[in-house]
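Let's have the full structure, built from the sequences with the hints guiding it.
The listed protein sequences derive, respectively, from chains L and V. Here the working numbering is used: the first residue of the first sequence is 183, the next is one more, and so on. Here the working numbering is used: the first residue of the second sequence is 6, the next is one more, and so on.
Hints are computed from structural coordinates only; laboratory data are not their basis. There may be inaccurate statements among the hints.
[Said to hold, decoys possible] Derived contacts from chain V toward chain L, CB cut-off under 10 Å, selection only: (1) Thr-33; (2) Asp-170; (3) Asn-374; (4) Tyr-397; (5) Ile-434; (6) Pro-438.
[To be verified] Estimated spans, in silico, between C-beta atoms of each pair: (7) V:Asp-9 / L:Lys-518: 23 to 29 Å; (8) V:Asp-395 / L:Ile-306: 40 to 46 Å; (9) L:Pro-263 / V:Pro-347: 36 to 42 Å; (10) V:Lys-194 / L:Phe-575: 17 to 23 Å; (11) V:Lys-194 / L:Ile-357: 43 to 49 Å; (12) V:His-379 / L:Pro-331: 35 to 41 Å.
All figures in this text were calculated on a predicted structure; none of them were measured in a lab. Backbone N, C-alpha and C define an ideal beta-carbon position, used for all residues, glycine too.
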Amino acid sequence: MKEKLHQLKLKYQGKKMAPAFNALHTFLYTPNETTHSGSHVRAADDLKRTMNTVIMALVPCLLFGMFNAGYQHYSAINGFPESFDLFEHFLTWDNFLVGITTILPLVIVSYGVGLAIEFLFAVIKGHEVEEGYLVTGMLVPLIVPVDTPLWMLTIAVAFGVVIGKEVFGGTGMNILNPALTIRAFLFFAYPTWMSGDKVWVHEAVERAGTADAISGETILGSLAQGSDYSYSLADMFYGFIPGSVGETSTLLIILGGLFLVFSKIASWRIMVSSVVGALVMGLIFNGIVDAGWLPEYSKFYALMSFPYWQHLLVGGLAFGIVFMATDPVTGAQTNKGKWYYGFFIGFLSVMIRVFNPGYPEGVFLAILLMNVFAPTIDHYVVRGNIRKRLKRFKTATIYPKTSDEVDSLKTETA
Amino acid sequence: MSKDIRIRKGLNINLVGAAEQTISKAVTSNVYALNLDDFHGITPKMLIKQGEDIKAGEPLFYNKNNEDMHFVSPVSGELVKIVRGARRRILTLKILADKEQNYVINKVPDLDTADGEAIKSYLLQCGGWPFIKQRPYDVIADPSATPKAIFVSAYATAPLAADPDFVLKDKEQEIQAAIMGLSKLTPGKIHVSVGKSSRSPFNDIKGIELHKISGPHPAGLVGTQINKIDPVNKGEVVWTLSPQDLVMLGELLLTGKFNAERIVALAGSVIKEPKYYKTKIGAEISTFLYASGVKEDRFRLINGDVLTGTKTSTEGHLGFYNNTVTAIPEGDDYEFFGWNKPVFNKISSTRALTFSWLQPNKKYDLDTNTNGEHRAFVVTGRYEEVFPLDIYPLQLLKACMVKDLDEMEQLGLYEVAPEDFSLTEFICISKQPHQQIIREGLDLLQKELG
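Encoded structure:
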């Protein structure tokens, strides 16, 4: 097998389809490439390993999302169980069956379309297929509503990969997070499919207007309309609430985040500062309500009085902070810059959440906005280093070159 | 009085096959060779023709840009071959050594009374000058410039590198002479860094500023020390020398003889008996390689250490500046699912199913496989953890790649040499050629700004 593939690789070397073949080949085998210049030995990790680690951190969220799809579906039909039991009501085959039939197609379409475009561009431009889409392809199904039509996802993925990434030169060159570009495209192109009380529960759209109509509103949606929600804090933390596929379980997101920080793949600086930013904004809003500056009939009242720390439990904030804000390509690249970048993501997320009654979620907009500002933040951080160097330059001890002296003597005598 | 410097950022790469501290005398080499690539940026003008005889210490060629700068022959014999490459560029000079070695004995300057100019022209004439390198640009020092300081690192942290304390034993006299000579060339200080608990001969040398340094690699790189002690500003020049070359300069100043003898560490997992050999610059590596024996037929032979050395072969010769020769296995083989299975036998700076963090002192047998393909820069924040200089490594690399001269200058390219980026290159997840990028950046900057 190893030998045969090696012969095939040599046969295809330099041909047009070589990148496509190599992409598959390197999946099976780490290539036989050796060092040519510089360091003769190299560390064990490559980009594939890095991306794979992120995917491993996402798998629990995906599995949970599958069970939750079924749980929300049946609960919308039969009502929520009175005494919840994890194995009796949640981790059941029925729930999983709903999840796998609705979410697996999303995953397949996301990877299929995205990778097809990646391969196409690699072949056309003659470079190797880069691994960036491995994570993007996993993120996309986790941040869309469960019943997102597949044709819609296809168009969005194609847009996100081509406009969000390939036009900039592919993985490592893009300015906006591709997964969020896809999400933003869906949101602005098909807003009715991305918000409201019909999209978060499987089959709710199809059943609308019939006798069997079901619905499920996210907690943020309820708050935006000033209505009550019936979920406990534990539900929010464990994730037994409606929402995009993978964003609901704060517990699993925290575990994934800890794994990424421990394995040194994702930046803890961004995660910590984002949480701080969100808490600060939440506290400010709580303070405004406590001070009595906001009348109770205000449409912002419910969201503003929502306890500041619970913002982290609902909606996509936790998911965004752990898996999207930490994208190294589109985030701030300097360690100092990461603090600012993360802080503003948390801060703006909660702000947009509260002030955007049409769609009470701000994480993806906040991250995309900060993606745009990340190079500016880095620019000023790097300027600081440059200024330090310029300051040092003032005390530089520069001795004239001996040849300069000779030349100046020559000109004097001449 | 010494000053302590502690480096926190970095990574020690522990490899199997460290040289045992015994010195054997290598078999005398028949042919000696100078590889012109060792003298980066020098255009040679030959002083003798192919087939002519030469004495040890007699000039072979001079620097086209500075006629006074002579490069001398390490041995006496016949210049048997001038190997040329594309556009007749000289690649290698091969000298067939005489059985009886004849040395040129130069008239030595009096170290107590001679002035800087006298020392300088003596070193230039007698072939000692090329041992002095300068920053910016990491090239042989420009004799017309006056350095603000001279730096010597007598602390080796690179993997399997020769131990300076061991090879410098009993060389105090030569070192002292070299320091006395060099101190006339700079109005500034001569900074020497030694290991914190080392018994370095430098502890007793006068006329130097001694620094005790500790921490992981790259604490032993002179670039790290310059950055911590007295960083290079735009327009400033510092000189750097390796401690073993100081010994040669010292002997040249004391006796007038260019003695190319050098103690070399032969190390690496492929070597059966890794140890030290006494040999000469330009000697055939095979003269001592097979004395220690090799475990396999196919391996990578490196002039220098595994991070900064240059690739050579069993027909190769010891480089002009090298005091380490390393042999490690070639890694041109595929590894099934190498990108996702747990890794126990390789070093990694992450913990992404790589387990080198569990045993920081374990010794590894690394091969030359890149462990992945070349990619665009993606991951951030990793280089900074192994890069102790007050410089933004990723930003500087990118500035060099896009040839932005202003940015290169402002981000501190003057302060670095390619070797300072050897560790970031080692851990680079995108497998980018950092040292090559920096070298090209330095060349461009030198060409544009001189």
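Next on the checklist: Holds or violated: the 43 to 49 Å window for the beta-carbon distance between Lys-194 (chain V) and Ile-357 (chain L)?
Outcome noted: holds, 47 Å
Next on the checklist: Asn-374 (chain V) was flagged as interface toward chain L. Is the shortest Cβ-Cβ separation under 10 Å?
Outcome noted: Holds: closest Cβ of chain L sits about 6 Å from Asn-374 (chain V), inside 10 Å.
Checklist entry - When the nearest CB of chain L is found for Tyr-397 (chain V), is that gap smaller than 10 Å? => result holds, 6 Å
Next on the checklist: Taking 40 to 46 Å as the stated bounds, is the beta-carbon spacing between Asp-395 (chain V) and Ile-306 (chain L) within them?
Outcome noted: holds, 43 Å
Checklist entry - Could one say that the CB atoms of Pro-263 (chain L) and Pro-347 (chain V) fall in the range 36 to 42 Å? => result For Pro-263 (chain L) and Pro-347 (chain V) the Cβ distance comes to about 40 Å; the hint holds.
Checklist entry - Has the hinted range 17 to 23 Å been met by the Cβ atoms of Lys-194 (chain V) and Phe-575 (chain L)? => result For Phe-575 (chain L) against Lys-194 (chain V), whose Cβ atoms are near 20 Å apart, the range 17 to 23 Å holds.
Item to check | Status of the Pro-438 (chain V) interface restraint (C-beta, 10 Å, chain L) | outcome: holds, 5 Å
Checklist entry - Does the nearest C-beta of chain L fall within a distance shorter than 10 Å of the C-beta of Thr-33 (chain V)? => result violated, 29 Å
Next on the checklist: Looking only at beta-carbon atoms, does the pair His-379 (chain V), Pro-331 (chain L) fall within the given range of 35 to 41 Å?
Outcome noted: holds, 39 Å
Next on the checklist: Given Asp-170 (chain V) as an interface hint, is its Cβ closer than 10 Å to any Cβ of chain L?
Outcome noted: Status violated, d = 25 Å.
Next on the checklist: Holds or violated: the 23 to 29 Å window for the beta-carbon distance between Asp-9 (chain V) and Lys-518 (chain L)?
Outcome noted: With Cβ atoms ~27 Å apart, the hint holds.
Item to check | Hint check, Ile-434 (chain V) versus chain L [nearest Cβ-Cβ separation less than 10 Å] | outcome: holds, 5 Å
In summary, the structure is inconsistent with hints 1, 2 from the numbered list given earlier, while agreeing with the others.
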